[in-house]
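Asker: Sequence:
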Amino acid sequence: MREDTEQVIALSGLKVVNAEDGGKSISALGSTSALSELEGGASVSLGIDLKGIAEDSTSAIASSVDVSNLTQCSPRTHEFYILPIPNHLRHDPTKPQSLPRLLHYIFAITCTIFAANLYYCQPLLIQLSISFGVSYNQVSNIPTLSQAGYVVGLFLIAPLGDLVRRRPLILILTTTTLALSIGIAFNSNFTAYQVLSILVGIVNGVSQILVPFTAELAAPERRGSAISLLVSGMLLGILYARIIAGVIAQYVSWRVVYYVATGLQGANILVLYLTVPDCPVRNVGLTYFSVLRSTLKYAVTEPTLIQASLVSMVSMACFTNFWVTLTFLLSGSPYNYPTIAIGLFGLVGVFGILLGPLIGRTIDHLLPWTAALIATAALIVFQAIQTGAGGVHIAAVVVVCLGIDVFRQMQYVSLNTIVVEIEPAATARMNAVFQISVFAGQMMGTASGTAVFLKYGWRPAAALSLAWAGFTLLVMLLRGPHCGRHTWYGYEGGRHLRKPKVVPEICVQEATGDRDLEIAFEGLPAREGETAGP
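Per UniProt numbering, residue 1 is the first one in the sequence shown, and the count goes up by one each step.
Careful: at least some of the hints might be erroneous.
[To be verified] Label pairs and their calculated CB-CB ranges:
hint, residue 1, residue 2, range
1, Gly246, Asn137, 20 to 28 Å
2, Pro460, Ile394, 19 to 27 Å
3, Ser331, Arg485, 43 to 51 Å
4, Thr176, Leu474, 17 to 25 Å
5, Tyr489, Pro100, 36 to 44 Å
6, Ser98, Asn336, 49 to 57 Å
7, Ala447, Gly285, 38 to 46 Å
8, Phe186, Tyr288, 42 to 50 Å
9, Pro220, Asn137, 25 to 33 Å
10, Ala451, Gly285, 43 to 51 Å
[What the hints assert, rightly or not] In silico lysine to any residue, SDA-like type, Cα no more than 25 Å apart, as pairs:
hint, residue 1, residue 2
11, Lys95, Leu169
12, Lys455, Asn137
13, Lys455, Ser140
14, Lys455, Gln442
15, Lys455, Ile394
16, Lys455, Asn336
17, Lys297, Thr275
18, Lys297, Lys95
19, Lys95, Glu221
20, Lys297, Glu421
21, Lys455, Met444
22, Lys297, Val195
Hints listed in this document are in silico derivations from the structure and should not be mistaken for laboratory results.
Don't be surprised by glycine CBs; every beta carbon is placed ideally from N, CA and C.
Let the sequences and hints guide you as you build the complete structure.
Answerer: This is the structure:
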């Protein structure tokens, strides 16, 4: 066997290693017995002695296959011991994982439905105060409790994606959230409402299970657009919750909002049961506490994760500062807008949602680092416009609203793509750290922005965001896109800023019928002295 050829075999349908012959990538599916039966024609057409590969495969298996993973080849047939898993969703190690378009859209809709759970309460605060007979000050803590619960869930539950199968985890979280939402809808005690809000926040992190799961299923060259669609779904959920809750509560009881929410969740759970594939555990031998420890370890030892998290945290502080203080700016001089007019500015978020697919495709063509750098530089420009003219002319405010919304989404998706690509076996833990940093930025922007605006006015508040945006650019420039995983700063590994073109694989797979092999790409040059086929 030639030295420049790595072996490709399949044992019971399990792909062991990739093969390369003269720069052409080859993958084989089937059994070793099938390979051993191959004769001249097939091996001549590829220029590789497949029979020799089969004979030498024993040593390759011993060195390449993790025996602990062989137990995963047998697909599960039932969920929770009683619910049958549809046949087409059971794990098949002979078939590569993929992200069908329908499943992708279902994941995005799921993100919309469950992201909304955290924001239904915001337009309902007055109705809740009247219904429970409590003060506005008491009821104003409910959104904070929900968000605090969500952060707790990011640390305690989101990393489970690296420990257990994602399908049952998704079904458990969504079903638990549904049960708690039903409790909120029929609850008549304010303390119980607060407790249920915290619990909903904790278990409502299904979106942060779906993001790394989607990144795993999607092709590498489509990972940016795959994540972008889910992010658009989450943003749509926030907008939908605020609008639908406000409209419903205007005419009927606030409980109807939760009746509608539980109905949507129930229907969504049924769809998830019928569509989510059952994939094997990513890490065998880990325990829950080792997963939590490694999550904390990654937060302080992974330069790429730290860079992305720091940039996203500070950028989210800028974003939150702008939107929180915008209400104060528009309600005061020189604009003096009524509440309904101020609320219409929130519809600008629809523009960013509609551009989500375009943003994703842009990231797919560039390196994620490049896309994040472009977005960061653009955010500085729009923050500068706000600092200079935000309190002078409404046109400047509208332009800044559009620019900040679009480029913040582009930056967020790019950084999230970088994070989930650091370590394939730890995508859930990496993503959990990243998302926690985003919520830390929200709190930082809300507290600091409000304090500066109330004490010094709109321009110093905008200048604070401009300074923060400049800091994020410096952090981005500290590490280039090709730095090694454990390189803290510098530039190495090349200067290209776009993704390399994907070279198609040549698939060799077991076929039925008269031919021994089906070759996906024909016309391969034969070695000297050999014919081109059987």
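Asker: All hints, please: hold or fail.
Answerer: Here's how the hints hold up against the structure:
Roughly 21 Å separates the CB atoms of Gly246 and Asn137, a value that falls within the hinted 20 to 28 Å. A hinted range of 19 to 27 Å for the beta carbons of Pro460 and Ile394 is consistent with their spacing of about 20 Å. Checked against the hint of 43 to 51 Å, the pair Ser331 and Arg485 passes, with Cβ atoms roughly 48 Å apart. Taking the beta carbon of each, Thr176 and Leu474 are about 42 Å apart, not inside 17 to 25 Å as hinted.
With their beta carbons about 41 Å apart, Tyr489 and Pro100 fall inside the hinted range of 36 to 44 Å. Between Ser98 and Asn336 the Cβ separation comes to about 55 Å, which falls inside the hinted range of 49 to 57 Å. Taking the beta carbon of each, Ala447 and Gly285 are about 42 Å apart, inside 38 to 46 Å as hinted. Remark: the range hint 42 to 50 Å for Phe186 to Tyr288 is contradicted by a beta-carbon distance near 33 Å.
Take Pro220 and Asn137: their Cβ atoms lie about 50 Å apart, and the range 25 to 33 Å is violated. With their beta carbons about 48 Å apart, Ala451 and Gly285 fall inside the hinted range of 43 to 51 Å. For a cut-off of 25 Å, the pair hint linking Lys95 to Leu169 stands: about 22 Å separates their Cα positions. Annotation: proposed proximity of Lys455 to Asn137 holds, straight-line Cα distance about 22 Å (limit 25 Å).
This hinted pair checks out: Lys455 and Ser140 have alpha carbons roughly 23 Å apart, not beyond 25 Å. Among the hinted pairs, Lys455 with Gln442 is consistent with the structure: their alpha-carbon atoms are about 20 Å apart, no more than 25 Å. Simply put, Lys455 and Ile394 have alpha-carbon atoms about 23 Å apart, close enough for the 25 Å limit, and the pair holds. Proximity of Lys455 to Asn336 is assessed by CA-CA distance (about 19 Å); at most 25 Å being required, the pair is judged to hold.
Taking the CA atoms of Lys297 and Thr275, the gap is about 35 Å. The hint is violated against a cut of 25 Å. For a cut-off of 25 Å, the pair hint linking Lys297 to Lys95 is broken: about 34 Å separates their Cα positions. Distance check on the hinted pair: Lys95 and Glu221 sit about 19 Å apart at the alpha-carbon level, within 25 Å; holds. With a CA separation close to 17 Å, the supplied pair Lys297 and Glu421 stays within the 25 Å bound.
Between Lys455 and Met444 the alpha-carbon distance is near 17 Å, which keeps this suggested pair within the 25 Å criterion. Pair hint Lys297 plus Val195 does not hold up; C-alpha atoms about 31 Å apart against a cutoff of 25 Å.
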